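Chemist: Here is what each chain is made of, one letter per residue.
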Amino acid sequence: MATSTTAPGAARPDRRDARAGTPEPARRRRPRRPLLPYLLLVPAIVLELAVHVVPMAVGAWMSLLELTQFHIRDWSTAPFIGLDNYRATLDIHTAAGRELLHSFWVTLAYTLLSVGLAWLLGMAGAVVLQRPFRGRAVLRALFLTPYALPVYTAVITWSFLLQRDTGLVNHVLVDQLGLLDDRPFWLIGGNSFWSLLVVSVWRNWPFAFLCLMAGLQNVPDELYEASAIDGAGFWRRLRSVTLPLLRPVNLVLLLVLFLWTFNDFNTPYVLFGGSAPEQADLISIHIYRSSFKTWDFGSGSAMSVALLLFLLVVSAGYLLITNRRRDHA
Amino acid sequence: MSTRRHLGILAAAVLAAASLTACGGSGDDAGGSGKTLTYWASNQGASLEADKAILQPELDKFEKQTGIKVNLEVVPWSDLLNRLLAAATSGQGPDVVNIGNTWSASLQATGALVEFDDATLQAVGGKDRFVPAALAAAGAPGKPPAAVPLYSLAYALYYNKKAFADAGITAPPTTWEQLAEYGRKLSTGGKWGLAIEGANPSENAHHAFTFSQQYGGEWFDSSGKPTFDTPQNVAAVKRYVDFMATDKITNPSNAEYAQNQSVSDFANGKAAMLLWQAAGSNLKTQNMAADAYGVAPVPFLASPPPGGKKVNSMVAGINMAIFKHTKNRDGALSFVKFMTSDEEQTILNKTYGSLPAVKTAGTDPAFSAPEQKVLQETLSTTAAPLPQVPDESTFETLVGTAIKELFADAASGRPVTEESVKKKLSDAQQKMR
Numbered sequence: 001m002a003t004s005t006t007a008p009g010a011a012r013p014d015r016r017d018a019r020a021g022t023p024e025p026a027r028r029r030r031p032r033r034p035l036l037p038y039l040l041l042v043p044a045i046v047l048e049l050a051v052h053v054v055p056m057a058v059g060a061w062m063s064l065l066e067l068t069q070f071h072i073r074d075w076s077t078a079p080f081i082g083l084d085n086y087r088a089t090l091d092i093h094t095a096a097g098r099e100l101l102h103s104f105w106v107t108l109a110y111t112l113l114s115v116g117l118a119w120l121l122g123m124a125g126a127v128v129l130q131r132p133f134r135g136r137a138v139l140r141a142l143f144l145t146p147y148a149l150p151v152y153t154a155v156i157t158w159s160f161l162l163q164r165d166t167g168l169v170n171h172v173l174v175d176q177l178g179l180l181d182d183r184p185f186w187l188i189g190g191n192s193f194w195s196l197l198v199v200s201v202w203r204n205w206p207f208a209f210l211c212l213m214a215g216l217q218n219v220p221d222e223l224y225e226a227s228a229i230d231g232a233g234f235w236r237r238l239r240s241v242t243l244p245l246l247r248p249v250n251l252v253l254l255l256v257l258f259l260w261t262f263n264d265f266n267t268p269y270v271l272f273g274g275s276a277p278e279q280a281d282l283i284s285i286h287i288y289r290s291s292f293k294t295w296d297f298g299s300g301s302a303m304s305v306a307l308l309l310f311l312l313v314v315s316a317g318y319l320l321i322t323n324r325r326r327d328h329a
Numbered sequence: 001m002s003t004r005r006h007l008g009i010l011a012a013a014v015l016a017a018a019s020l021t022a023c024g025g026s027g028d029d030a031g032g033s034g035k036t037l038t039y040w041a042s043n044q045g046a047s048l049e050a051d052k053a054i055l056q057p058e059l060d061k062f063e064k065q066t067g068i069k070v071n072l073e074v075v076p077w078s079d080l081l082n083r084l085l086a087a088a089t090s091g092q093g094p095d096v097v098n099i100g101n102t103w104s105a106s107l108q109a110t111g112a113l114v115e116f117d118d119a120t121l122q123a124v125g126g127k128d129r130f131v132p133a134a135l136a137a138a139g140a141p142g143k144p145p146a147a148v149p150l151y152s153l154a155y156a157l158y159y160n161k162k163a164f165a166d167a168g169i170t171a172p173p174t175t176w177e178q179l180a181e182y183g184r185k186l187s188t189g190g191k192w193g194l195a196i197e198g199a200n201p202s203e204n205a206h207h208a209f210t211f212s213q214q215y216g217g218e219w220f221d222s223s224g225k226p227t228f229d230t231p232q233n234v235a236a237v238k239r240y241v242d243f244m245a246t247d248k249i250t251n252p253s254n255a256e257y258a259q260n261q262s263v264s265d266f267a268n269g270k271a272a273m274l275l276w277q278a279a280g281s282n283l284k285t286q287n288m289a290a291d292a293y294g295v296a297p298v299p300f301l302a303s304p305p306p307g308g309k310k311v312n313s314m315v316a317g318i319n320m321a322i323f324k325h326t327k328n329r330d331g332a333l334s335f336v337k338f339m340t341s342d343e344e345q346t347i348l349n350k351t352y353g354s355l356p357a358v359k360t361a362g363t364d365p366a367f368s369a370p371e372q373k374v375l376q377e378t379l380s381t382t383a384a385p386l387p388q389v390p391d392e393s394t395f396e397t398l399v400g401t402a403i404k405e406l407f408a409d410a411a412s413g414r415p416v417t418e419e420s421v422k423k424k425l426s427d428a429q430q431k432m433r
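In order, the protein sequence lines correspond to chains A and B.
Residue numbering for the first sequence follows my numbering, beginning at 1 and increasing consecutively.
Residue numbering for the second sequence follows my numbering, beginning at 1 and increasing consecutively.
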């Protein structure tokens, strides 16, 4: 990292010297700030505003309105109710608040487990495929398949597999292997959480694998050789060479996976339909149900904004901690 | 340097997190102008493709008559309400749409639909053309309807004749007590008495309405306030869930059914009874012969409690509405008039196995088939409209989902008691504002 930061800085004076050497018109004494780069940025900024910032602001505004079916056609008629939506949805003494809190814990457990498992699998896959061997390319392609499949197709297939009477999972577990006497439910009740987790890990681990594999390309072989000469075994090399050098990759990978999984809508929606079982009631589905299915967009937005704030705090905290640790190191 | 990089990552993280806040509609096709109309049809046939094949020739006929081209899109039920909401919010989208008749008052409240006052009704043939019960389910009482009825439906009890004969049952049940008793006889050898679409909130809510009427309950009081957890409603919901929980005449697997698997189970003989709206056309596509099943009115309670009503179905059906944002209101009205004409009503309702929503189209012999006769009789004597209040679609979602969870409890062997039913319904009611 250090070399990459100093390199451009070091190069710049050279370039300036070279330019000073060539005869230039005298009036261009003061280096003018070129306009072109900023102009080139304009489309990106406009799009960024239109795609992210404005909808976000509108969402925040919606959370302060009583936006029900009576007002969705003309938002200006929706009564401004200040923080009432927040009070109604975040008060854990009401049914709505209790369910939101429950959904929050479910989502948190789901996210931590899913990200952890996806990372572990991705890491294992990347380390196994680090050295060239016959068939490595085939395995790489195979490992990436879940990530390449369209979400809907993949998850619908899972929902077929997991059906109680006709699903392949129960067919194998009960009819063929005889491991269980009763056909368990996978899409309702307590098992639905684990079904969701398995599908999520299955979908996410290739991304972790891809990032870590790319990261491993940058680990110089000499370090492994040197540590091997020093007598370091596999685990020692993993701990002292691989992981520290993958740190920048992991830093981003874990954060992005966390946010994606926490916000994941497609997987539970396709797996369970619009209303997920209580035990797998992820917050994104919960918000969807609270706004679209019950036509109360104000309280749905309030939940979204609260969630956004939570994720902001988590992200900022995460970066602060990782940053400080690096400074101390 | 590293702080700036981290700021960058933080910014990216914020944006990733924000994607949730930024959900919006996607009504992209502009309202029809001049000589074209956009029409969203609901999924009435066996598949979206089947609907297209059924409707397109009629739309071509309309184009020939009037020169107006109708762009058809068949929208699956799971998406329809969301798409309608998006269209209502954005003022973009179709000119003419099919809506489930129970959504009429909810959608009416958005103010996005053309009101069918007397003059507007005159433009599509006049108020008196329509079956009164069907027109009553097209908007809140005391207001001009927000739509006109297109297809009329009601619930009926479908039963497998052979399974009944094998079990020595000679006539379909007329009371729920009989239904439970017969169901127990029929639930043997991997087969079950009654198939239920347990994970489909709408189906659950429809049955909750009927049972509640029979127990003398209401889901909303006269001022439109929810009354979900009254003793009558608790008894009604418990009666329905008990087919699985205590009578055990319903396969626990039905607790995860939401894609019409219960119809398939009935068609395949895995279940001997089914409560459904005009299942005939669906059963036909699943190769169940018309003489293999019988159709009877939905049962009643043997001894109804005081206040219990003689209602055994909701007034079900599909309505047709026009969005106010249409640029071709006259064209849209003439299209509605075309679709509710005697000829089209006969053709389309015959195909779908539903009943005409206009009085003058019922003469075709197809509408006096045994199934249609039962539906007809139910509609004209013992059907009641679901509460036409703006919160109706919220009721369907909340109560339907509560029942879905109760079925899940029953399926996994947890007891379903009066307390647990009451708690679910109270929680659902608390979420209404």
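Please keep in mind that the hints were generated in silico from the structure rather than gathered at the bench.
The structure displayed is predicted, hence computed values, not measured ones.
Careful: at least some of the hints might be erroneous.
[What the hints assert, rightly or not] Computed beta-carbon distance windows for the label pairs: (1) B:141 - A:44: 52 to 58 Å; (2) B:143 - A:156: 39 to 45 Å; (3) B:285 - A:75: 50 to 56 Å; (4) A:156 - B:61: 55 to 61 Å; (5) B:61 - A:142: 35 to 41 Å; (6) B:47 - A:142: 31 to 37 Å.
[Said to hold, decoys possible] Some chain B residues well away from chain A (every beta-carbon gap over 12 Å; in silico): (7) 199; (8) 261; (9) 346; (10) 409.
We put the CB at the ideal spot given by N, CA and C, even for glycine.
Chemist: Take the hints in turn and mark each one as holding or not.
Modeler: Going down the list of hints, with the structure as the test:
1. B:141 - A:44: 52 to 58 Å: 54 Å, holds
2. B:143 - A:156: 39 to 45 Å: 41 Å Cβ-Cβ, so the 39 to 45 Å window holds.
3. B:285 - A:75: 50 to 56 Å: This hint is violated: roughly 44 Å between Cβ atoms.
4. A:156 - B:61: 55 to 61 Å: 37 Å, violated
5. B:61 - A:142: 35 to 41 Å: 53 Å, violated
6. B:47 - A:142: 31 to 37 Å: Cβ of residue 47 (chain B) to Cβ of residue 142 (chain A): about 34 Å, so the range 31 to 37 Å holds.
7. 199: 7 Å, violated
8. 261: 9 Å, violated
9. 346: It holds; residue 346 (chain B) is separated from chain A by about 35 Å at its closest Cβ, greater than 12 Å.
10. 409: Label violated. Min Cβ-Cβ 8 Å, cutoff 12 Å.
Violated hints for the displayed structure, listed by number in ascending order: 3, 4, 5, 7, 8, 10.
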